[in-house]
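With the sequences and hints as input, model every part of the structure.
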Amino acid sequence: MLELRLVQGSLLKKVLDSIKDLVTDANFDCSATGFSLQAMDSSHVALVALLLRAEGFEHYRCDRNLSMGMNLGNMAKMLKCAGNDDIITIKADDGSDTVTFMFESPNQDKIADFEMKLMDIDSEHLGIPEAEYDAIVRMPSSEFARICRDLSSIGDTVVISVTKEGVKFSTRGDIGAANIVCRQNTTVDKPEEATVIEMNKPVNLTFALRYMNSFTKATPLSNTVTISLSSELPVVVEYKIAEMGYIRFYLAPKIEEDENES
Amino acid sequence: MGIKGLTKLLADNAPSCMKEQKFESYFNRKIAIDASMSIYQFLIVVGRTGTEMLTNEAGEVTSHLQGMFSRTIRLLEAGIKPVYVFDGQPPDLKKQELAKRYAKRADATEDLTDAIAKGDKESIEKFSKRTVKVTKQHNDDCKKLLGLMGVPVVEAPSEAEAQCAALCKSGKVYAVASEDMDSLTFGASKFLRHLMDPSSKKIPVMEFEMSKVLEELNLTMDQFIDLCILSGCDYCESIKGIGGLTALKLIRQHGSIENILENLNKERYQIPDEWPYQEARRLFKEPEVYPGNEEPELKWNPPDEEGLVNFLVKENGFNVDRVTKAIEKIKAAKSKSSQGRLEAFFKPAATGSVPIKRKIFIPIAMTSHQPNLKYSNVESIEENDGKTNRIEPSTIICL
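Going down the list, the sequences are from chains H and C. Read in the working numbering, the first sequence has 208 at position 208, and its numbers run on one by one without any break. Read in the working numbering, the second sequence has 241 at position 241, and its numbers run on one by one without any break.
In case anyone wonders, no lab produced these hints; they're calculated from the structure. We put the beta carbon where it would ideally sit given N, CA and C, even for glycine. Wrong hints could be hidden among the right ones.
Stated by the list, open to error - If you only want the chain H side, here are some residues facing chain C, beta carbon under 8 Å, derived:
| no. | residue |
| --- | --- |
| 1 | S43 |
| 2 | T157 |
| 3 | A252 |
| 4 | P253 |
As the list claims (entries may be wrong) - Capping the alpha-carbon separation at 25 Å, the derived lysine-lysine pairs in DSS-like fashion look like this:
| no. | chain 1 | residue 1 | chain 2 | residue 2 |
| --- | --- | --- | --- | --- |
| 5 | H | K168 | C | K334 |
| 6 | C | K19 | C | K143 |
| 7 | C | K22 | C | K331 |
| 8 | H | K20 | C | K347 |
| 9 | C | K190 | C | K201 |
| 10 | C | K336 | H | K168 |
| 11 | C | K285 | C | K212 |
| 12 | C | K331 | C | K299 |
| 13 | C | K4 | C | K100 |
| 14 | C | K121 | C | K136 |
| 15 | H | K217 | C | K336 |
| 16 | C | K314 | C | K144 |
| 17 | C | K299 | C | K325 |
| 18 | H | K20 | C | K336 |
| 19 | C | K19 | C | K325 |
| 20 | H | K164 | H | K110 |
| 21 | H | K20 | C | K22 |
| 22 | C | K129 | C | K4 |
This is the structure we're talking about:
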């Protein structure tokens, strides 16, 4: 038996909008601690990890650890039918092959039930170890989205390098090249407008902009984004979901030919 | 031509060893390909109608170049790093099989002459297919072409299939791509079919995983080789009346060909007088390949644009625009082949969750990680839980 009631239903809508283009089918895992998802894109280059903690729900009941396979496109379609102020409840019975989304309007005058078929999805769950990163950049999420969008009109890849000077995003394409440098800036009116750079070691990594752009679909979820970089690891682009958890995107870097010989 | 009926046998008895994959998902993967086999296919398929072949101005056949060029471009475009392996000296045992093929070809040549005399178009088509032969010139042309394209070429000491498998075992390449199932018998850890089918056919790539094959068939590698020999391979005849399924049963029951021979009803099954199964087994198990430390270095280079234009356009009458466009494609593909994968950083881990929907049936127990799980064990599980055919979720979490 599973029953999760989320007062701020728009949050779930935003979550789905941010991942449905990256991943088509995924298993949602439900445990006593929270509602989570881990899924890779079909080419196994990017991974999304979502966590919505139990405390963030108004009512949270999950009797035992369960996973529910869903087509994210279909789920997004159903959630589109919920109003932005609606309360969303996710319900499923043991052994059932459907999940029900219930939408309640804020003044309780309309209640809608949408039932969706579940799927069997064989997906590999990856263990992601806690890691120390060489550099961590926190910046306004809209700024990051803007940079990715601008650069992708010039080239296909972005080189992110963090030095004492700041964080530099650069690209190169047929028509020319672009460099955008963001310096540390903490003297702002609102804390979410700050750009904070923590660096243990300078890093310089290359990524496909196509994926970065897809990640920025999560921008409506959070005012800030945190980008963690290490030369040994995939980059992590994290959007915190207020009082509930996070959505994290991992992206494997591009590797130069000679380093690739193993 | 591979192992008789192995695909079906695996599909029925070890279904989880095969997985459909998208062609696009092999970017940045190094893949070994049996070149001789490919060239043979090109000569049959590319630009041939009846006895007419695609030729250059001098009248030399260019089908193999055309095929090799466009297929390799397609692989490179997807970010795949191919390495072509050419046949060396065939092992003595295969010479029998080759002699048979040679005789067939001679027959076909005669039939073809007949058919041409009669003007029977259907027969001309049929027999001219069978007279196709890969010559040293074809091989050399392709090696030259691949060299110019920057794609590595390996000359196998003996069988190309065996060398491909060896490259895969030593981790030099990710998988072997072939239509010939004996790649598995040679021990390739990953084997791909339909990788090189034209994209127009829209057939997904079928990926076979050797470890899963053994796990699900519940055999050791040696037993699997014996199974393949019994099913029918290139190196020796098979026993009349024993096909893949019977062979699997016998191997499971007796463990090796020697034991099967001791226990087999000799009246019912005729064992060929001369049946060099031991030699065949040795060829599969210890084929003549480069030893691990002498394996050639595989290096992918940028294409030699001038060389390609000279060779393809000037010498072999290819269209200039096509060749220059293709070169552009090779260069553009470089970015794809450098994309890393998450699996290189994160390893699979078990989840604690149980699917709310899926029902788990007992046969899954046979795929357990104990290679020697005997039937008796499975039966005992069934006795315990046979009625519901369902394992309680709480017991699965620990798997």
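The hints, checked one at a time:
1. For S43 of chain H, the interface hint holds, the least distance from its beta-carbon to any beta-carbon of chain C being 5 Å, beneath 8 Å.
2. Contact between T157 of chain H and chain C, as hinted, is supported at the beta carbon level, the nearest pair being about 7 Å apart and thus within 8 Å.
3. Checking A252 of chain H against chain C by beta carbon gives a least distance of about 4 Å; that is within 8 Å, so the hint holds.
4. Because the beta carbon of P253 of chain H sits about 5 Å from the nearest beta carbon in chain C, less than 8 Å, this interface hint is met.
5. At most 25 Å may separate the alpha-carbon atoms for a hinted pair to count; K168 of chain H and K334 of chain C meet this at roughly 24 Å.
6. The hinted pair formed by K19 of chain C and K143 of chain C fails the criterion: a straight-line CA distance of about 32 Å is larger than 25 Å.
7. Taking the CA atoms of K22 of chain C and K331 of chain C, the gap is near 23 Å; set against the 25 Å cutoff, the hint holds.
8. Proposed proximity of K20 of chain H and K347 of chain C is supported: the alpha carbons are some 24 Å apart, at most 25 Å.
9. Simply put, K190 of chain C and K201 of chain C have alpha-carbon atoms about 23 Å apart, close enough for the 25 Å limit, and the pair holds.
10. Taken as a hint, the K336 of chain C and K168 of chain H pair is honoured in the structure, with Cα atoms around 23 Å apart against an allowance of 25 Å.
11. Note on K285 of chain C and K212 of chain C: the hinted pairing holds, with a Cα-Cα distance of about 19 Å set against a maximum of 25 Å.
12. The suggested pairing of K331 of chain C with K299 of chain C holds, with an alpha-carbon distance near 16 Å, which does not exceed 25 Å.
13. Taking the CA atoms of K4 of chain C and K100 of chain C, the gap is near 17 Å; set against the 25 Å cutoff, the hint holds.
14. For the suggested pair K121 of chain C and K136 of chain C, the alpha carbons sit about 30 Å apart, so the restraint of at most 25 Å is broken.
15. About 23 Å separates the Cα atoms of K217 of chain H and K336 of chain C, which keeps this hinted pair within 25 Å; it holds.
16. A distance of roughly 15 Å separates the Cα atoms of K314 of chain C and K144 of chain C; the hinted pair therefore holds under the 25 Å criterion.
17. Taken as a hint, the K299 of chain C and K325 of chain C pair is honoured in the structure, with Cα atoms around 23 Å apart against an allowance of 25 Å.
18. Note on K20 of chain H and K336 of chain C: the hinted pairing holds, with a Cα-Cα distance of about 23 Å set against a maximum of 25 Å.
19. With a CA separation close to 34 Å, the supplied pair K19 of chain C and K325 of chain C exceeds the 25 Å bound.
20. Restraint check: the Cα-Cα separation between K164 of chain H and K110 of chain H comes to about 56 Å, which exceeds 25 Å; the hinted pair is violated.
21. Simply put, K20 of chain H and K22 of chain C have alpha-carbon atoms about 19 Å apart, close enough for the 25 Å limit, and the pair holds.
22. Our distance criterion of 25 Å between C-alpha atoms is met by K129 of chain C and K4 of chain C, whose separation comes to about 22 Å.
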